[in-house]
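A.B. asks: What follows is each chain in one-letter form.
Number of protein chains: 2
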Amino acid sequence: MINKLVIIGVGLIGGSFALALRKAGKVKHIVGVGRSRENMQRALKRGAIDEISADLPSALKHADVVLLATPVGQLGGIMAQISPYLEPGTIVTDAGSTKQDVVTAARSHLAGHLKNFVPAHPVAGAELSGASAADAGLYQGKNLVLTPLDETSAEAVKRVTELWQACGAHVSQMSAARHDKILAAVSHLPHVLAFLLMNHVSSSTGHDSSEPLGPDDPLHFAGSGFRDFTRIAGSSPEMWRDICLANREALSRQIDAYQKQLTALREMLARDDSKALERVFASAREARQRWLENRS
Amino acid sequence: MINKLVIIGVGLIGGSFALALRKAGKVKHIVGVGRSRENMQRALKRGAIDEISADLPSALKHADVVLLATPVGQLGGIMAQISPYLEPGTIVTDAGSTKQDVVTAARSHLAGHLKNFVPAHPVAGAELSGASAADAGLYQGKNLVLTPLDETSAEAVKRVTELWQACGAHVSQMSAARHDKILAAVSHLPHVLAFLLMNHVSSSTGHDSSEPLGPDDPLHFAGSGFRDFTRIAGSSPEMWRDICLANREALSRQIDAYQKQLTALREMLARDDSKALERVFASAREARQRWLENRS
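Protein chains in written order, with full-length UniProt numbering: chain A, 1 to 296; chain B, 1 to 296.
None of these hints come from the bench; they were simulated from the model.
Certain hints may be false.
Identical copies go unnamed one by one, so any copy, or any two together, can satisfy a pair.
Below, simulated DSSO-like cross-link-like pairs (lysine-lysine); rule was C-alpha separation at most 30 Å, straight line [said to hold, decoys possible]:
#1 275 to 260
#2 115 to 142
#3 45 to 115
Predicted, not measured: the structure shown is a model, and the values here were computed from it.
Just chain A, same shape as in the assembly (with noise of 0.2 Å):
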């Protein structure tokens, strides 16, 4: 149980957070941060936090924990401003996408505080933001990923991994670059492809917005496939531009890497090579079916 609980940045993330707490039982007290009076409302009628506070000082004062939940990009700023107002025994974790530039600009921004720092990354997403959107079953089976400094106290990490495991999460432990290696593959590539499809396909339609689609336009005979492949393109486009710099490097290598798969598969066409298309094809639906029956 801990009594006060802090979230800076009651979105679809910091919300659900507080909700699954709340309804495991596993806090008193929640005070929300942010910017948008509005926002901030809601989340207070709908039992995320019990009390908005504009003042960082009072808010931090006998804080267990503080969830840093804004878009990665505002996370060393918001460090710097919390840093002075942290009693030493706070444990302080976020929950951004990547977490190289989490652990750098805590290096900055919380140096004599990092015994207390947890770096951690729900990997739960939805093209919906804000609040309103927040769900106590977000995390149910999702995975959470810590990646604890080496400053980092076993202690810190336990009590993070047992706020998680409340909230219904699979807890596990890597180092920042090993994750932000694998995301770079599993979720920024992806998300990427999927925000290129869409504008590669709507710009060569010409389509005026104002009009509705007949079947001049490619778009009308887009069904249920593309549908679901353009899902995440339907993402806040800001927290995917923090995301794609924050990990820039890694998220380079996966384009290099794919762009060669693509000119091979480019050269099969070529020289019309039905086998080597079967093989690509069928090892990628191996590969699908496996993941779908092995995933835990």
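We have chain A already, so just place chain B on it with the hints.
C.D. replies: Relative to the frame of chain A, chain B by itself:
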């Protein structure tokens, strides 16, 4: 109402056509022709067909409509086989995912029958296949594209239109070249991208298929976005080999254009161009929202 419908290839596509027409009360007798005895028995049991025929001459006798619903790669051979037995009044149509190759095959193998040949493509896919996956509602609200030849009679187009409308499909017409260009963008390219992503991620893992996925495997951290993005990578390798080869010119052009976008984004990352990245992602999200809102 048609008296005798012959379906060659009673899988998901042919079987669903049969079930939908029967439900709509548009057909008296349906004859199925297919290579897999087991699949044909399932089609019979499900009531998709009334009769299994292993003898083309008698199957085609007095047929009103023949639907060719085999994989695209087999259509030329099937046309050559049925051509000697086709009666002049029998309408022949197909359900192939590409149309220029089907038109070329028809010009070779159904040269005397082009007046009654109506190339068609129901834009409705599923990863499932076989008669057991057939569904009377598969075409409800889906697009059906006809790409009639200059030789195709208005009467034949009208009859095929009515049949697909009875299945619940929205029927439109365009040239085979335009169809193939549009489908390369909204369907064939996304399938290729999904197959390649699945391979890209799974090949980098060195995952032993006999072991359950653990936190050492990147795929362990793939979430619902990845699942939806790669759904179409569960599609039939043989079918997609045929489609990619049948439409390789249009598809190659799409791959080239898409590679350019990927390269441009790679350069935005390299020069840390946060504004350009956000613009790319925002325009994709807007295009997708517009598409979802305007979808008829």
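A.B. asks: Taking the hints in turn, state whether each one holds.
C.D. replies: A quick look at each hint next to the structure:
no., hint, verdict
1, 275 to 260, "both (19 Å within a copy, 27 Å between copies)"
2, 115 to 142, "within (26 Å within a copy, 58 Å between copies)"
3, 45 to 115, "neither (35 Å within a copy, 68 Å between copies)"
Checked against the numbered hints above, the structure breaks only hint 3 and satisfies the rest.
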